[in-house]
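A.B. asks: From first to last, the protein sequence lines are chains A and B. Residue numbering for the first sequence is 324 to 601, as defined by our numbering. Residue numbering for the second sequence is 5 to 388, as defined by our numbering.
I should point out that these hints are in silico values taken from the structure, not numbers from a laboratory. One or more hints might be untrue.
Lysine to any residue pairs mimicking SDA-like chemistry, simulated, CA-CA at most 20 Å apart [stated by the list, open to error]:
{"no.": "1", "chain 1": "B", "residue 1": "K205", "chain 2": "B", "residue 2": "D221"}
{"no.": "2", "chain 1": "B", "residue 1": "K129", "chain 2": "A", "residue 2": "S515"}
{"no.": "3", "chain 1": "B", "residue 1": "K131", "chain 2": "A", "residue 2": "E505"}
{"no.": "4", "chain 1": "B", "residue 1": "K205", "chain 2": "B", "residue 2": "K131"}
{"no.": "5", "chain 1": "B", "residue 1": "K129", "chain 2": "A", "residue 2": "A422"}
{"no.": "6", "chain 1": "B", "residue 1": "K129", "chain 2": "A", "residue 2": "G514"}
{"no.": "7", "chain 1": "A", "residue 1": "K439", "chain 2": "A", "residue 2": "A422"}
{"no.": "8", "chain 1": "B", "residue 1": "K195", "chain 2": "B", "residue 2": "R206"}
{"no.": "9", "chain 1": "B", "residue 1": "K129", "chain 2": "A", "residue 2": "E506"}
{"no.": "10", "chain 1": "B", "residue 1": "K131", "chain 2": "A", "residue 2": "R346"}
{"no.": "11", "chain 1": "B", "residue 1": "K195", "chain 2": "B", "residue 2": "Q166"}
{"no.": "12", "chain 1": "B", "residue 1": "K156", "chain 2": "A", "residue 2": "A596"}
{"no.": "13", "chain 1": "B", "residue 1": "K131", "chain 2": "A", "residue 2": "K439"}
{"no.": "14", "chain 1": "B", "residue 1": "K156", "chain 2": "A", "residue 2": "G514"}
{"no.": "15", "chain 1": "B", "residue 1": "K313", "chain 2": "B", "residue 2": "E353"}
{"no.": "16", "chain 1": "B", "residue 1": "K132", "chain 2": "A", "residue 2": "S515"}
{"no.": "17", "chain 1": "B", "residue 1": "K205", "chain 2": "B", "residue 2": "L194"}
Single-letter residue listing:
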Amino acid sequence: MSATFETTDRPVERKRSTPRIRRRTDWGRWYTWAVLAWLFAPIAFMIVFSFNDPAGRHNITWQGFTLRWYADAFAYRDLNEAMYNSVTIALLTMFVAGALGTLLGLALGRYDFRGKQLTNLVMFAAISAPEVVLGAALLSTFLMMNVTTGYWTTVIAHVMFCVSFVAITVRARVITLDPSLEEAARDLGAGSWTTFRLVTFPMLFPAIMAGGLLAFALSIDDYIITSFVSGDVTTFPLWIWGATRVGIPPQVNVMGTLLFAVGLVMAVVNIVAARRRA
Amino acid sequence: MASISTTAPATSDEGTTPSPEPAISLEGVYKSFRSGSETVHAVAGVDLTIEQGEFFSLLGPSGCGKTTTMRMIAGFEDPTEGTVRLGGRDVTGVAANHRDVNMVFQSYALFPHMNVAENVAFGLKRKKVAKDEIKRRVTEMLDLVELGHRAKHRPTQLSGGQQQRVALARALVNQPAALLLDEPLGALDLKLRQAMQVELKRIQREVGITFVYVTHDQGEALTMSDRLAVMNNGGVEQLGTPAEVYERPATRFVADFIGTSNLIRGVVRGDVGGVWRVEIADGATALVAGSPDTVTSGTHLHLTVRPEKIRIGVDRPGDDVSAVQGVITETVYLGAATHYQVDIGGGEEITVYQQNVSDSAPVAERGATVWLSWPARHSYPLLA
Numbered sequence: 324m325s326a327t328f329e330t331t332d333r334p335v336e337r338k339r340s341t342p343r344i345r346r347r348t349d350w351g352r353w354y355t356w357a358v359l360a361w362l363f364a365p366i367a368f369m370i371v372f373s374f375n376d377p378a379g380r381h382n383i384t385w386q387g388f389t390l391r392w393y394a395d396a397f398a399y400r401d402l403n404e405a406m407y408n409s410v411t412i413a414l415l416t417m418f419v420a421g422a423l424g425t426l427l428g429l430a431l432g433r434y435d436f437r438g439k440q441l442t443n444l445v446m447f448a449a450i451s452a453p454e455v456v457l458g459a460a461l462l463s464t465f466l467m468m469n470v471t472t473g474y475w476t477t478v479i480a481h482v483m484f485c486v487s488f489v490a491i492t493v494r495a496r497v498i499t500l501d502p503s504l505e506e507a508a509r510d511l512g513a514g515s516w517t518t519f520r521l522v523t524f525p526m527l528f529p530a531i532m533a534g535g536l537l538a539f540a541l542s543i544d545d546y547i548i549t550s551f552v553s554g555d556v557t558t559f560p561l562w563i564w565g566a567t568r569v570g571i572p573p574q575v576n577v578m579g580t581l582l583f584a585v586g587l588v589m590a591v592v593n594i595v596a597a598r599r600r601a
Numbered sequence: 005m006a007s008i009s010t011t012a013p014a015t016s017d018e019g020t021t022p023s024p025e026p027a028i029s030l031e032g033v034y035k036s037f038r039s040g041s042e043t044v045h046a047v048a049g050v051d052l053t054i055e056q057g058e059f060f061s062l063l064g065p066s067g068c069g070k071t072t073t074m075r076m077i078a079g080f081e082d083p084t085e086g087t088v089r090l091g092g093r094d095v096t097g098v099a100a101n102h103r104d105v106n107m108v109f110q111s112y113a114l115f116p117h118m119n120v121a122e123n124v125a126f127g128l129k130r131k132k133v134a135k136d137e138i139k140r141r142v143t144e145m146l147d148l149v150e151l152g153h154r155a156k157h158r159p160t161q162l163s164g165g166q167q168q169r170v171a172l173a174r175a176l177v178n179q180p181a182a183l184l185l186d187e188p189l190g191a192l193d194l195k196l197r198q199a200m201q202v203e204l205k206r207i208q209r210e211v212g213i214t215f216v217y218v219t220h221d222q223g224e225a226l227t228m229s230d231r232l233a234v235m236n237n238g239g240v241e242q243l244g245t246p247a248e249v250y251e252r253p254a255t256r257f258v259a260d261f262i263g264t265s266n267l268i269r270g271v272v273r274g275d276v277g278g279v280w281r282v283e284i285a286d287g288a289t290a291l292v293a294g295s296p297d298t299v300t301s302g303t304h305l306h307l308t309v310r311p312e313k314i315r316i317g318v319d320r321p322g323d324d325v326s327a328v329q330g331v332i333t334e335t336v337y338l339g340a341a342t343h344y345q346v347d348i349g350g351g352e353e354i355t356v357y358q359q360n361v362s363d364s365a366p367v368a369e370r371g372a373t374v375w376l377s378w379p380a381r382h383s384y385p386l387l388a
């Protein structure tokens with residue numbers, strides 16, 4: 324026993340006599356940075372290559388810096404048209420799904436009604452169902468109803484799969500809302516519409532905004548469902564997919580970068596507005 | 005501050021004569037809730053009359069129906085049965101936004117997206133009061149609650165006590181016929197609560213509006229109210245001034261719920277000149293003045309005696325007071341007073357509070373045999 328004590332004791336003594344501060348590696352921090360890099364590398368490449376000056380048709384190796392593509396961003400007419408379609412469809416989706424989702428979220432968060440559980444189930448089904456399934460189902464529905472697919476069927480499809488996201492966001496907010504706020508408004512003489520306009524809606528607005536932006540983002544980059552229901556209308560993702568076979572022009576990078584910038588600005592505005600309200 | 009209207013509501017409805025009518029009256033009000041397959045009677049047969057300018061409290065433990073009663077006055081709940089009147093007018097079934105009462109919520113319910121002044125102006129704007137008038141009254145009201153300098157702040161930037169006062173100002177600025185307060189001081193710490201009690205009384209005196217105050221804190225109800233109703237199980241146990249309710253509890257529940265009370269079992273043994281002689285413990289005699297007619301010799305009853313009404317001493321008191329001998333089982337010295345637990349036999353213990361009037365030592369030690377005595381007028385009979 325005593326012998327083992329001797330042997331284990333000594334090295335410790337020695338270490339103490341020569342103090343050496345050993346820094347622990349902060350793996351958590353490195354991991355976080357690695358994940359962030361992983362997530363943002365593709366976006367960074369897209370932005371960098373929007374300034375590339377490629378020699379041939381393929382914009383995949385760095386040749387030199389140019390702003391040519393920004394000056395010439397709208398050179399492809401059908402790309403412009405696809406972009407225009409995507410943005411207008413996304414805006415329409417944002418407003419329609421925003422309005423419907425808000426009402427749905429309010430109903431689910433506030434009231435008890437027959438079919439509430441079923442509504443919840445359908446909503447989660449719409450979120451969790453594979454897009455291929457949704458797209459195929461929508462297409463067969465449109466065909467069965469003899470509706471020609473195109474711009475408006477795309478809008479309908481986008482509203483359909485976005486409305487659940489808005490509803491869930493709004494419902495979460497409704498549940499945490501103090502019901503006595505609305506009672507206070509009633510108590511102070513406000514009717515039900517005035518109460519909604521002056522108290523409920525402003526209180527829900529951050530959630531409605533978040534849900535709407537989510538709907539916009541989901542809509543503008545949707546490929547799978549759109550490819551089923553868009554008929555001969557082309558959207559930005561559909562155009563890019565089509566262009567990959569012949570080589571993607573740098574204008575796609577430019578538009579992607581601009582889109583990303585707009586999204587960034589909207590997110591920042593939302594955060595700042597939320598901070599100001601709080 | 006004096007310019008705050010001390011008259012009854014500015015908007016008196018046609019056909020009502022404001023002064024003689026009570027501010028609020030409830031007639032045979034019932035409220036039942038369906039909870040699953042069961043029906044819960046939250047309020048079961050309440051009759052109440054609250055006078056103009058009164059500070060009236062609804063006091064009771066949680067679940068006694070006091071909040072539901074208040075919500076029926078406010079118009080957030082409709083009674084299952086019965087009538088609610090405001091200033092004599094039947095308002096049963098009238099929506100909250102058409103009733104001339106305002107409420108201070110337990111959670112304050114201040115609108116977080118509006119600043120203090122906008123919160124206070126909310127009710128006046130709904131009534132389409134002129135802009136200048138709104139501005140004047142909001143300023144006046146914020147001065148009354150001493151928050152004039154916080155008009156442009158958001159509610160979240162204020163302390164709990166300040167939010168409380170904003171909620172009060174937001175309700176009072178409408179000069180309602182009655183102000184309803186739902187446990188408004190519940191969320192505040194003790195010191196602030198005591199300060200706000202004084203503050204609320206001051207404001208009520210200044211504006212002269214009827215206050216209906218819901219609380220489970222008996223101390224609060226006793227110190228602030230002109231009258232109060234003690235509620236239990238959806239009904240009113242006793243209605244009266246704080247002194248009446250404290251000194252003459254009508255039921256065992258009231259005796260128990262308000263302050264500390266000794267409940268002593270006894271049997272009526274006779275009547276000497278309007279004073280009942282009641283045998284308590286092991287043969288001792290308590291005197292009860294003016295007991296109900298239903299009491300006859302041999303009736304079993306409980307007496308309630310407040311601990312501070314009882315004298316404790318070593319000498320046998322005279323025959324003109326209730327007297328019982330006992331052994332001290334516990335003494336608690338509290339500085340200003342000493343509390344004693346005295347075993348009087350028959351398995352009964354009596355609590356006695358004695359003021360420490362002189363700088364002498366407590367009158368008795370643990371284990372000492374003492375006499376307890378109290379005048380006939382301080383024991384109240386509770387039948388059954």
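A.B. asks: Look at each hint and say if it fits the structure.
C.D. replies: Tested hints:
With a CA separation close to 16 Å, the supplied pair B/K205 and B/D221 stays within the 20 Å bound. Restraint check: the Cα-Cα separation between B/K129 and A/S515 comes to about 15 Å, which is no more than 20 Å; the hinted pair holds. As the CA atoms of B/K131 and A/E505 are separated by approximately 17 Å, the hinted pair is consistent with the 20 Å bound. For the proposed pair B/K205 and B/K131, the alpha carbon gap of about 27 Å is over 20 Å, so the pair is violated.
For the given pair, B/K129 sits about 28 Å from A/A422 by alpha-carbon distance, which is inconsistent with the 20 Å threshold. This hinted pair checks out: B/K129 and A/G514 have alpha carbons roughly 13 Å apart, not beyond 20 Å. A distance of roughly 19 Å separates the Cα atoms of A/K439 and A/A422; the hinted pair therefore holds under the 20 Å criterion. Of the supplied pair hints, the one linking B/K195 and B/R206 holds, its CA atoms being roughly 17 Å apart against a limit of 20 Å.
Proposed proximity of B/K129 and A/E506 is supported: the alpha carbons are some 17 Å apart, at most 20 Å. For the hint pairing B/K131 with A/R346, the CA-to-CA distance comes to about 69 Å; that exceeds 20 Å, so the pair is violated. Proposed proximity of B/K195 and B/Q166 is supported: the alpha carbons are some 14 Å apart, at most 20 Å. About 18 Å separates the Cα atoms of B/K156 and A/A596, which keeps this hinted pair within 20 Å; it holds.
Between the alpha carbons of B/K131 and A/K439 the distance comes to roughly 37 Å, so the proposed pair goes past 20 Å and is violated. Between B/K156 and A/G514 the alpha-carbon distance is near 26 Å, which puts this suggested pair outside the 20 Å criterion. Simply put, B/K313 and B/E353 have alpha-carbon atoms about 15 Å apart, close enough for the 20 Å limit, and the pair holds. A C-alpha spacing of about 17 Å is found between B/K132 and A/S515, which places the hinted pair at or below 20 Å, so the restraint holds.
Using a Cα cut-off of 20 Å, the hinted pair B/K205 and B/L194 holds, with the two alpha carbons roughly 17 Å apart.
Hint compliance for this structure: hints 4, 5, 10, 13, 14 are not met, and every other hint is.
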